[in-house]
Structures are given as C-alpha cells and as structure tokens.
Amino acid sequence: MKHLVSVEHLERHDIERICDRAAAFAEVADREIKKVPALRGRTVLNLFYEASTRTRSSFELAAKRLSADVVNFSASGSSVEKGESLKDTILTLGAHKPDAIVIRTPWAGAAELVSGWTPAAVVNAGDGKHEHPTQALLDVHTLRQRLGGLDGLSIWIVGDVLHSRVARSNIMAFQKMGAKVTLAGPPTLIPRGIEALGCEVRYTLDELPQANVVYALRMQNERMDESWVPSIREYATWYQINGRRLGPKQVLMHPGPVNRGVELSAEVVDSPQAVITAQVAAGVVVRMAVLYEVLAHVPSTSRSPEGVPA
Amino acid sequence: MDHEKVVLDEDDMRRTLVRIAHEIVERNDGVGGGESLAIVGIHRRGAILARRIHSLLSDLLEREIPIGDLDISFYRDDVGRRAEQPTIHASHVDFDLDGRTVVLVDDVLFTGRTVRSAIEALFSYGRPAKVQLAVLADRGHRELPIRPDYVGKNLPTSRSERVNVHVEELDHVDEVRICENAEVVA
Chain D
0 MKHLVSVEHL
10 ERHDIERICD
20 RAAAFAEVAD
30 REIKKVPALR
40 GRTVLNLFYE
50 ASTRTRSSFE
60 LAAKRLSADV
70 VNFSASGSSV
80 EKGESLKDTI
90 LTLGAHKPDA
100 IVIRTPWAGA
110 AELVSGWTPA
120 AVVNAGDGKH
130 EHPTQALLDV
140 HTLRQRLGGL
150 DGLSIWIVGD
160 VLHSRVARSN
170 IMAFQKMGAK
180 VTLAGPPTLI
190 PRGIEALGCE
200 VRYTLDELPQ
210 ANVVYALRMQ
220 NERMDESWVP
230 SIREYATWYQ
240 INGRRLGPKQ
250 VLMHPGPVNR
260 GVELSAEVVD
270 SPQAVITAQV
280 AAGVVVRMAV
290 LYEVLAHVPS
300 TSRSPEGVPA
Chain U
0 MDHEKVVLDE
10 DDMRRTLVRI
20 AHEIVERNDG
30 VGGGESLAIV
40 GIHRRGAILA
50 RRIHSLLSDL
60 LEREIPIGDL
70 DISFYRDDVG
80 RRAEQPTIHA
90 SHVDFDLDGR
100 TVVLVDDVLF
110 TGRTVRSAIE
120 ALFSYGRPAK
130 VQLAVLADRG
140 HRELPIRPDY
150 VGKNLPTSRS
160 ERVNVHVEEL
170 DHVDEVRICE
180 NAEVVA
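Here the protein sequences come in this chain order: D and U.
No gaps in the numbering here: position 54 of the first sequence is 53 in numbering that gives the first Met the number 0, and each next residue is one more.
No gaps in the numbering here: position 61 of the second sequence is 60 in numbering that gives the first Met the number 0, and each next residue is one more.
If you are wondering where the hints come from, they were derived from the structure by calculation, not from laboratory data.
These figures come from a predicted structure and were not determined experimentally.
Don't be surprised by glycine CBs; every beta carbon is placed ideally from N, CA and C.
Beta-carbon label-pair distances, calculated as ranges:
| id | chain 1 | residue 1 | chain 2 | residue 2 | range |
| --- | --- | --- | --- | --- | --- |
| 1 | U | 76 | D | 51 | 32 to 40 Å |
| 2 | U | 168 | D | 243 | 45 to 53 Å |
| 3 | U | 159 | D | 68 | 37 to 45 Å |
Taking the hints into account, I'd like the entire structure generated from these sequences.
Spelled out as structure tokens, the structure:
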C-alpha cells in the first residue's frame, strides 16, 4: 500500500493486517525504551491545515517511536497565509524529500490530490467532511481488542453525521469488518442518500438497546453555521447518550474531544463501558502500523532520485 | 524442485536439542549454576525451538528459568528492499534482562543479519551481561562477524540451496531439509 487516503480503498485483509501489526506495536509502548529502528533515516512531514491535538500528536509520536525524523508544518504563520496554493506548498516541501506526508485539510479530496503531486507516501489525517481513515482503523482496532472482532456486531453511530468525516470512514470500515451499522440523529444532521453506503438510518434512539456498540459523534459547533438543530439543549434532550439510554453491556465510543453534557453525559464518559481513552492509546499504535505499512515496502526517497511529477 | 534431502529427522532433532541443552548447562557453570540464565527465541521457529530447549533446561537445572521471544521485523536492515511485508508477531520479554546470560535461539544461521537484528532488539529491553547464540543449523555464508556458541548441525550449502526447518507445532513434522530452488518456509 503506497498511500492511505481512504478506507474505501482498503480490503478487509488490509484492515486486519494493520490492526494485527498495531497489536504487535502495543508491546513497544510498554518497554523501557519505547522505540524501534524500523523507519530510521525516513522523514515524515506532518502538514496540518487545521487545528488538531490528538491526531497530530499521535502521528508525531508514532513516527518518533519508529525512529523516523519528523517535521511539523502548520498552515498558520506560513506561506499559506500569503496565498500559496496547496500544490505549491507540496512542491516546495517536497524539495526537502520527505518519505511520507501526513496531511489534514478542511478540503475534501485534498489528500487524494496531494498523492499525485509528490513521490512521498501520503496519509490522510482528515480531509474536510470526507474521510479520516486512521480514526476508523483505530476504532476497529479498539473494538477488536475489547470484543475480539466485529463480525455480527450492531454498531450505532449517533449524532452529527452530516459534518463528520469520522462517520464516513467508520461506516465503511465497520461494515468491511462484518458489523451492521445504523446511523441515528436529527434528520437535519443525517445526509440524504447515505443509506447507499449500506447502513440503516433512524431518527430516534428507541431501538438503541439493540446495539452492541454506541459510537457518539461530537456536535461540531465550529461547523454549525446554520441552524441544524433548534438548540444544543434540545439536541441533548433527544440524542444525548446518558445513563438512562446506555445499557450495561454496551460499549461506548467517541472520537473526541467530548462535549460533556451535550452528546454524552458526564456519567457515561467516566463509565467502564466507555473506551474513549483506549481509542486515544490505539491512535499511536495504529498510526505506527500505518506509517510502517506505507513506508516499509518502498525505498527511501533519498535512494530514489525520481523527480516530482508535475 | 531439483532435489530435496532430509538432513535431520525427528530423532536427530530431539537428540540435537538435548545436546545443546547440556552444552548450555556446561558452559554456564554446570547443573546448579546458571542462576542468571534466560532463553530468548527468535520468531517463529526459533521461538518454538527455544521453548523445547527451555523445557529441557528446566528439567536439567530442576528449576524454572525465564523465557521470552523476539520478533525482529522492526529491527531489520532491509526495510524498503523486500518485495513483501513480513507477518509480525508481538515480542515477549517479561523479565529483567540486566545482568543475565541470555541464550538467543534461532533455527538456521545464514548471513547473520537476523542475529544482528535480534541482538539490537534484545538491548532495547535491557542490558544482559552476556548473549550466547544457539542455532539448530549453521549453513554458512556469513555476511557479518557473528559466530554461534551452540550449533546443532553444520550444513555446508551453496547459496542456491535452502535450509528449511520444519517443526511439529507449525508443520506437523520435525525435520530439517535442504532444498534446491525450493519454496522457503516462512
């Protein structure tokens, strides 16, 4: 696998291989020396056009635990503010010969485009409302660790599906791993025609007790430029996952950061059913596995003097 | 496949491992000594042979000694040069290595690159006092200055030949074969 830009391009065996490898990497984090030399001499460029805490730090930690060199680039305070295009930025940074570019942008499809402008491996760390494939992989990994596998599971994804790149990637990944996915939320936040991805849609949480896994999405207040719900309080009344709605055997997931008291009540965030912290821990090992996957089978760009494609 | 020859059968392998276990005890101060001994196998078949040697040593020394296993995939020096990515297993070294005599166990010693990787991997867990190397078969063609301390059988081979170690646990048979242009056992 040269790039990871979409879950759509992954087969079930690819997802299983990455998760198995992540499980092997988990042991590295428990050692006194939390580092292996697998990607020694490789350079990973973290190119973030959007604010991020957990994704960026986990990619950086993942690269460092594999002994790669890491360069972090933020759009703010850079030539991007002077009007430089994405393509020119990639060509400029490409001159530094990174072996992998981890990119987050607010633009859907940007990662796919970038993969055509650089000989480096490209990993999509979130492109607008489109996809967030490493989040989906770490969620699959977390469920495999917790429940052994996803075959036959009923997974409900609840909340703001419309603005969620996590939801799109996760719907595909969960289904490829054998789970049945149901989306639930207010009609304004469920995209029309999303059933074409093979999932069911519900506008109430009446059937939520059937779910094995409840995956709550963050209400993305920063993207709420229109009146998608009457009010946050109204949303919480109808769709908040709380102690009354969450069964004792259901697993609770959330991509973070959590709006406590909105999509989740404080009691369920801190309950033993919540695997939110495990998801964060899985983020590092799964991203180690992804970087190893895209870099371990291609020669270093320093040994491959091919030019940057126009 | 031009030819394939069994060079160690089930009985030969058992006797060879017993001899290696005795040699390890003798080299490490005899029965009753070797308190600091530990066994670490290299995935996959080295780890299986290490478990067998460990069992023999536990009987000889009449006590349990620590055992671990290593996957050296992340320590290889050919990342980016191999056509296929390896299957990776988790390593387990759940004891303190510092000050111990660690016997690394592998099935076949060839170029020495796997052992180099294993030594580097081992040192990421701690600082053993000594590292010794036990192999079931040494087929030569070393590319690094690495020498085994315990050898089951020296097998002079040509580069075009393969040495395949089969173990009951994975292959349903215990034997060592030399094959010409044969498929390698992963």
